[in-house]
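S.K.: As a plain string of letters, each chain reads:
Protein chains: 2
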Amino acid sequence: MSGGSGILGGMRVIEGSAFVAAPLGGMTLAQLGADVIRFDQIGGGLDYRRWPVSATGKSLFWAGMNKGKRSIQLDLRSDEGRELVAALVSGPGDDAGMFLTNFPAKGWLDYEVLRQRRADLIMVALTGNYDGSSEVDYTVHPATGFPLVTGPTGNVEPVNSVLPAWDIALGSLAATGLLAAERHRLRTGAGQLVSASLSDVAFAMVGNLGRVAQASLGQNSDTVEKDGNFLYGAFGAPFSTADNRHVMVVGLTPRQWVALGKATGLEQHYLRIEEEAGVDLSTESGRYHARKHIADYLDTWFAQRTFASSTSALTECGAAWGPYQTFDQLLDDPRMSGANSLFDFVEQPGIGTFPVPASPLNFGELSRLPAQRAPVLGEHTDEILSDILGLNEREIGRLHDADVVASGNP
Amino acid sequence: MSGGSGILGGMRVIEGSAFVAAPLGGMTLAQLGADVIRFDQIGGGLDYRRWPVSATGKSLFWAGMNKGKRSIQLDLRSDEGRELVAALVSGPGDDAGMFLTNFPAKGWLDYEVLRQRRADLIMVALTGNYDGSSEVDYTVHPATGFPLVTGPTGNVEPVNSVLPAWDIALGSLAATGLLAAERHRLRTGAGQLVSASLSDVAFAMVGNLGRVAQASLGQNSDTVEKDGNFLYGAFGAPFSTADNRHVMVVGLTPRQWVALGKATGLEQHYLRIEEEAGVDLSTESGRYHARKHIADYLDTWFAQRTFASSTSALTECGAAWGPYQTFDQLLDDPRMSGANSLFDFVEQPGIGTFPVPASPLNFGELSRLPAQRAPVLGEHTDEILSDILGLNEREIGRLHDADVVASGNP
Numbered sequence: 001m002s003g004g005s006g007i008l009g010g011m012r013v014i015e016g017s018a019f020v021a022a023p024l025g026g027m028t029l030a031q032l033g034a035d036v037i038r039f040d041q042i043g044g045g046l047d048y049r050r051w052p053v054s055a056t057g058k059s060l061f062w063a064g065m066n067k068g069k070r071s072i073q074l075d076l077r078s079d080e081g082r083e084l085v086a087a088l089v090s091g092p093g094d095d096a097g098m099f100l101t102n103f104p105a106k107g108w109l110d111y112e113v114l115r116q117r118r119a120d121l122i123m124v125a126l127t128g129n130y131d132g133s134s135e136v137d138y139t140v141h142p143a144t145g146f147p148l149v150t151g152p153t154g155n156v157e158p159v160n161s162v163l164p165a166w167d168i169a170l171g172s173l174a175a176t177g178l179l180a181a182e183r184h185r186l187r188t189g190a191g192q193l194v195s196a197s198l199s200d201v202a203f204a205m206v207g208n209l210g211r212v213a214q215a216s217l218g219q220n221s222d223t224v225e226k227d228g229n230f231l232y233g234a235f236g237a238p239f240s241t242a243d244n245r246h247v248m249v250v251g252l253t254p255r256q257w258v259a260l261g262k263a264t265g266l267e268q269h270y271l272r273i274e275e276e277a278g279v280d281l282s283t284e285s286g287r288y289h290a291r292k293h294i295a296d297y298l299d300t301w302f303a304q305r306t307f308a309s310s311t312s313a314l315t316e317c318g319a320a321w322g323p324y325q326t327f328d329q330l331l332d333d334p335r336m337s338g339a340n341s342l343f344d345f346v347e348q349p350g351i352g353t354f355p356v357p358a359s360p361l362n363f364g365e366l367s368r369l370p371a372q373r374a375p376v377l378g379e380h381t382d383e384i385l386s387d388i389l390g391l392n393e394r395e396i397g398r399l400h401d402a403d404v405v406a407s408g409n410p
Numbered sequence: 001m002s003g004g005s006g007i008l009g010g011m012r013v014i015e016g017s018a019f020v021a022a023p024l025g026g027m028t029l030a031q032l033g034a035d036v037i038r039f040d041q042i043g044g045g046l047d048y049r050r051w052p053v054s055a056t057g058k059s060l061f062w063a064g065m066n067k068g069k070r071s072i073q074l075d076l077r078s079d080e081g082r083e084l085v086a087a088l089v090s091g092p093g094d095d096a097g098m099f100l101t102n103f104p105a106k107g108w109l110d111y112e113v114l115r116q117r118r119a120d121l122i123m124v125a126l127t128g129n130y131d132g133s134s135e136v137d138y139t140v141h142p143a144t145g146f147p148l149v150t151g152p153t154g155n156v157e158p159v160n161s162v163l164p165a166w167d168i169a170l171g172s173l174a175a176t177g178l179l180a181a182e183r184h185r186l187r188t189g190a191g192q193l194v195s196a197s198l199s200d201v202a203f204a205m206v207g208n209l210g211r212v213a214q215a216s217l218g219q220n221s222d223t224v225e226k227d228g229n230f231l232y233g234a235f236g237a238p239f240s241t242a243d244n245r246h247v248m249v250v251g252l253t254p255r256q257w258v259a260l261g262k263a264t265g266l267e268q269h270y271l272r273i274e275e276e277a278g279v280d281l282s283t284e285s286g287r288y289h290a291r292k293h294i295a296d297y298l299d300t301w302f303a304q305r306t307f308a309s310s311t312s313a314l315t316e317c318g319a320a321w322g323p324y325q326t327f328d329q330l331l332d333d334p335r336m337s338g339a340n341s342l343f344d345f346v347e348q349p350g351i352g353t354f355p356v357p358a359s360p361l362n363f364g365e366l367s368r369l370p371a372q373r374a375p376v377l378g379e380h381t382d383e384i385l386s387d388i389l390g391l392n393e394r395e396i397g398r399l400h401d402a403d404v405v406a407s408g409n410p
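Chains as they are written, first to last, in full-length UniProt numbering: chain A, 1 to 410; chain B, 1 to 410.
Derived by calculation from the structure, the hints in this document are not laboratory data. Just to be clear, a hint being listed does not mean it is correct.
Where chains are identical, the list cannot tell them apart; a pair therefore holds if satisfied intra-copy or between any two copies.
For lysine-lysine, the following DSSO-like pairs were computed, each having C-alpha atoms within a straight-line distance of at most 27 Å [unchecked claim]:
{"no.": "1", "residue 1": "Lys-106", "residue 2": "Lys-58"}
{"no.": "2", "residue 1": "Lys-226", "residue 2": "Lys-58"}
{"no.": "3", "residue 1": "Lys-292", "residue 2": "Lys-262"}
Build the full structure now, drawing on both the sequences and the hints.
M.R.: Following this line, the structure appears as C-alpha cells:
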C-alpha cells in the first residue's frame, strides 16, 4: 500500500489526526508516494464514524480521507503507547522524522519534547486559531463573511457551506509547508515546528480575494449584499431548461462573453440592454450592472430549449457553461471515466467497491500512482512495529497481550 | 520585494497566469520567500480589472492575488516579447527553471518547446479539465453536486458558492506539486511537466469526502437533500439572538456536545429528546436524526439572550461556536490583530492602505515574512531584464522604444 514509485517515494510521515485538514494533508503526500503512517487510539479516533456512512454504519468519509496510508492503532492513554508513537515520530531514516498533526501539540506531543529524540524533527501542527485554541470549519466559515452574502437576494438568514472549504485549504497548505520545511532541512540539516491555523487560512483568503481591502476602504455599502446566484463583478448565472435541468453560464472574459452572445442570440440585444441599463457591455462592470437585463433574455432562451439542445449550442460556440448535477449524476460525468485516469473502482474492505480518486497531480516523469484504498484501522500495526521499530515477535505479542496495540479487522 | 529570508529564499519561479488558481499558487510561494516573477501582456491580463475594485476602479482582487511578486509587462503577441519570456522561464540558476501557468500550454508555451532551452525545466500547467479544455470555478462547482444540497430545505433551486473553493484548492495543490517536482529534480536532476485540472481537483475532493462512494453504493436516497444550515451527520446549526445576531454552534465531538449541553441547559432535556426522536444522543447519528428537536430547544434559548450573553456562556463551558460576521465586522475580529502577526496595514500604490495578510504558514526556524503588497504592473520590468537576462541600458531602451516591454505606474 505504501509508496516507493511516486514522486515522494521513500519519504515517511507520521500522522496523528482527525477529521479533514490534517488527514487530507497526509493523504495528499500519500497519494504522491510517501509512506504516511496514521496512528489512532484503539477503536478509532474522533472521526472514525464521521458521515457519510455506509448501510452498515462504516464511515465513507474516513475511507475517503485516509487513502494510501498505513494504519497502526495503539492505546494513546498508556505510557507505553505514547512511547511507541514518539519512537515512530523520531524514527530512523534521513527521509523520515516528519510528523503531521492536528492533535493538541502539548504534553507528550509537545514539539520541544519530541525533538529531544530527534534534533532535526519536522513537525507540522495544525490548530483552530493562531493561539492554539480549537475551531472547526463550520465555526470559522460564519466569521469570514461569506454566509451573509450567499443565497437568495433579500433573505437576511446566513447560508452555510456544505463543503468544508477552509479545511481543504488548510490541508493542502499543510502539505506545502511540510515540503518547504523538508527542503530547508535537506539544505541546512535543521528541522523545525511548522504551524498554521484554520482561521488564519480563512481570513488570509478573504484578504487575498480583495474582500478585506474592500471593507477597510469603505467600498462595501452598495456593492456587497446577497445577490442570489449571480457571479460577482461580471456576468454569470444559472438558468432552467424546458426539461427542468439547471445550467450555469459565465461571461467573465471577453472571449466567454462573445461566445455566450453568439450561442444564445443575446448579441442582437446588446444595444437595447446597454441603453436600458446605461452600461458598456464590453466591460466586466457593465455586464455586472446589467446582469438582470441579461438574465431576463437568457431566462426565456433557456426556458424554450431542452438541456441537450441549449448546452450543445453553448458548446458549439465555445461558451463557458457547466451542468448542475446531483452527486448521483456526477457518477456519470464523462470526466470521471474514459480517458481520465483519476478514478478507479477499488474495493474498500468492509464497505464495498466504488470509484476512488488518485491524486489530481500528474508528474510527467513518473506514471500516475493508481487510486488506492484506505487501510483498515490497525491493518499495519505489526509490520510497523517490526519493520520500523525493530520489535521481535515476542515483544509485539506482549504489547498485544497488554492491550497497548491492536491489529485490524474490516 | 522579492524574498531571500523566507524558507524558499533563493528559489525563482516564473508565472504566466490570470484569475485565482495559478496566481494563488505563485503567491503561496512568494509569501514564503521565493522570487516569483509574474509576466503580463502590456496593459494587464484578463484579471487586471477583476472585482472587487476600489472607488477608482483598481482591482482589489489583483492586488490580493499577486502579493510579494515582481511584475514585468511585455507584448506577448510579438516574437521578441515571447523570446524574452522563454529566456526568463529557462533563466540562469540551479534554483530557477520553474514555470507556473494556467495559460494554454501550447505553441510557444508548449513544454516540449520550452525545455529545448533548459532540459531540467519544471513546468506546472493548470487547466480547466483533464483534457486541457477550459473551465472556471463557477462552471465546475455546479457539476460537483454541492449547489443542489446547499440552502433552505424544500427549495429546489441550486445555491452557488460565492467563494471559489476549487480555485483555492487547485492553487494550493499547484504549490505542493511544484515543491514535489523540485525535490525530485534536486535528487535526480530531472525536470518535468506537472499538470492538474480544476475539475479533477473538485471531483477528487467530492470523492475524498465520501460523497462519490455514497452515491455509488446507493446510499443517497433518503440521506442527501437540502438540509438548510444543519451540519451533516452530527449536530450543528445557526441561531438568532435577541439582538439579531447569528451564532453557529457545533456538537460534532463528544467534548463539544457535552459543553453545548452544559452551556445552554440542553443537557436537562436529553432524555425527553431521546424519547421523542427515538435516538441515542451520545452518537453522531443520533444527534443528526434529532437535529430539529435539539434546534427547537436552542432556538428558544438564544432568542431569550443577547449575542454577548449567549456567547459568553458558550465560551465559559468550552462549547464550539462561531459568530456570523459581515466582511465589515470581520475587520474587528480580534484574531485579525493583536498578538496575531497575520495582517499588517500596508500601502498599495494607487489604491490606499488596508490590512494585508502574510502567509498563514509559520516556520519556527525563521521569522515570519511580513505582509507584502502586490507590485504595480510592470514595476520590475527593467530590473528583471537587466539582472536576470543581463541586458544593458541600450538594449532595454530599444525594447521600450519598440513597445516590446513597458514599465509600471500605479
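S.K.: I'd like to know which numbered hints this structure contradicts. Please list them from smallest to largest.
M.R.: Result: hint 1 breaks, nothing else.
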